[in-house]
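A.B. asks: Chain A is already provided as a structure; the job is to place chain B on it using the hints.
First to last, the protein sequences are chains A and B.
Using our numbering, the letters of the first sequence map in sequence onto residues 1 to 347.
Using our numbering, the letters of the second sequence map in sequence onto residues 1 to 454.
What the hints contain is simulated information worked out from the structure, not anything from laboratory work.
A hint or two may mislead.
As the list claims (entries may be wrong) - Okay, the calculated beta carbon distance ranges per label pair: (1) 180/B - 229/A: 27 to 33 Å; (2) 268/B - 299/A: 51 to 57 Å; (3) 155/B - 306/A: 28 to 34 Å.
No experiment lies behind these values; they were computed from the predicted model shown.
We put the beta carbon where it would ideally sit given N, CA and C, even for glycine.
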Amino acid sequence: MSLIKLSASALAIAAVSATAASARDQVQVAGSSTVLPYAAIVAEAFGENFDFPTPVVESGGSSAGLKRFCEGVGESTIDVANASRKIKDSEIKACAENGVTDIMEVRIGYDGIVFASDINGNGFEYTPSDWFLALSDKIVVDGQIVANPNKTWADVNPDLPAQNIQAFVPGTKHGTREVFEDKVILKGCEDTGAFEAFLAVAQGDSDKAKKKAAEKACISLRTDGTSVDIDGDYTETLARIESNKDGIGVFGLAFYENNTDKLQVATMSGVAPSTESIASGEYPVSRPLYFYVKSAHLGEVPGLQEYAEFFVSDDMAGPDGPLAEYGLVSDPELEQTQAAVEGGNAM
Amino acid sequence: MTDANMSKSGAVPVPRKSLLQPDARTKRRNSAEARFRAYGLAAVGIGVLALVMLLVSIVGTGSGAFKQTYLTIPVHLNEAKLDKKGDRELANLKKVTTIGYAGVLKTSLNDFLAQEGIEIDGLSDKDAGKIISKEAAATVRNAVLADPDLIGTTQDFTLLANGRIDGYYKGRVTMDSAELDGNVTPEQLMLADALKERGLLKTKFNWAFLIAPDASDQRPEAAGLGVAILGSIYMMLTVLILAPVIGVAASIYLEEFAPKNRWTDIIEVNISNLAAVPSIVFGILGLAIFINFAGMRASAPIVGGLVLTLMTLPTIIIATRAALKAVPPSIRDAGLGLGASKMQSVMHHVLPLAAPGILTGTIIGLAQALGETAPLLLIGMVAFVREYPAAWSPESGLFGEPSTALPVQVFNWTQRADPAFVERASGAIIVLLIFLVAMNAVAVMLRRRFERRW
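Only chain A is shown next, with the shape it has when bound in the complex (with noise of 0.2 Å):
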């Protein structure tokens, strides 16, 4: 029976090794694929410039990161959940229904969202009501509600060129397709005056519930083709606009930054995207980044701490950090961001 003794010993061997895991010794970090490059950015120079190991960083997303975050105290848990977007209610209720009451919630900066399109093609100058009418399922023509006929560019607003309407926008799981939807395709609908035709017909028991069916009509994209989701990365929007050059792609401001060389950058109502235009807020598609901290395990994981006041530090993600460098946009309010990281404020 050798085999099977040698077989048991193996499993046994596994399992206690596995299970003798004591103190973690560096910090675990997962969520959001926007916050992703920054958080690496921070941990490899704090691995660098600290005793501590470098922290792991893992992606996937804000809501499958905060999910992660909120299962628990404790070593088989995240230290650190990167967002996009602010925790939401439920979330921080489920949090405190698995012992996660204290959230430290650190602000790091902002992102802009860009449009751009292939670097030989056409500039564009948009204001979201022409987003709105080029990819809305329905729009208004002459107090009717349509489904939407635009072809090209120029159908939606003479001033741009008559290039055919092709866009690559994020895809639901992303949290940038929320940003698009609020500031772009909904203002667009409001701009135009076609969000008061919905609300006029739009059905509900109260007026909140009229109002939220009225916003989904607004946020509706066509399906005919001329509107396509990207479930992928950015890198996947770029390979779609160099296949099919009248392609405008929605990517964030440091992807594009980084590939200057092939996108060109639209204009959002006369404004150019720029570090400066986001942080003085008159670009206006831009949201805020974050990243959450269990306070539970700022005594026990060693450099937890360090690794958030390093993040917001001015040497990290003021203006003239790697992290501006890199796209983001940074807070004009760091300083208060750093005392209550110092003071460890949790929310």
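C.D. replies: Positioned in the frame of chain A, the structure of chain B alone reads:
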């Protein structure tokens, strides 16, 4: 009735033909065969073409990853900047971060350029400093911390050049693209050319690609496969120890000892089904059992190894059972006839004869496990990991420190924004393919050498 009888009764007169002159029907049959051969050849051709296209595209983009541009410059390790107190106390030296060292490097480079008389119009000092990789500051800092006496002296350092400069010598970046690129200017490329003329900028074989850990998006030039290769080795060791032992024990029992009844039939069918289960399912299983239930750590190679063991088991069991079946019953009968117990006949006679087949199956299973990505995505192996995982540590146990694996490193790099990572990803694919080819070659060799036919 014979043919002779038939021709005599002569209902249908058979025309006399020459064998040398094919009739219409033979012609049709011949041309059908020729067509069939052509189809077969075309099918083989398509397969070969696909393989060649794959290899050409991967080697074409990936071969650049094995070369890297380095810059050799004298660096003045300014005491005023690096050791303000002047006491060479390690604790104080550590307070100077890589950001401080980057400043020292920039100054040194610009001083050196002025001294050498290299002047490029329209190139600021800041931009000139950017031709050095961000990784270089860490290189210099580590050298200083290892030997604080270097402070105050001027040392020649061989440092990584920035990824765009490296791309320029690999054809990825051109003067035209630099004009549009936000991360590099044509002036920086001219400076690189000037340094290359003086022999200070060299492209060398990139050992770091195989040894160094991953690097962040800002320094693709420093990214390597060290952690991924180590993680893959740990996982393969786990699979190598567990899978054959469990797999062979299970198949010997099923093949030699188990009674043939409904239960063993059900087990048999399920093993075959398990072999066809998509690998992501094993990842979900691993997440539920090893991480959520057993409380093992995410990103640990031991978890990856256990998941891949589960995934490889059906392959190994099927191969082992086939190998055991191929041993003729006469061997067993002879053993039993000479008074050996059932176990002795299996252990002493059947198993050694089946060993080559078992080994081949195991290696093919291992090769399959090595290239597997999907289950590892779920157990947190797709992470940014820079610390080399130790095989054993008191805190994390055996193979318990976080790491990545080769195939997930490829996946990871294809998602990065910087185009230099495309080259890195293809380079990683080449490394992975070399491992796979080597493992399959060993399997073929074992089969050739030891396989016995009856």
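A.B. asks: Run every hint past the structure and note whether it holds.
C.D. replies: Tested hints:
Checked against the given bound of 27 to 33 Å, the beta carbons of residue 180/B and residue 229/A, roughly 29 Å apart, stay inside it. Checking the proposed 51 to 57 Å range against residue 268/B and residue 299/A shows it holds: the Cβ atoms sit about 54 Å from each other. Under the hint 28 to 34 Å, the C-beta atoms of residue 155/B and residue 306/A, about 30 Å apart, fit the expected range.
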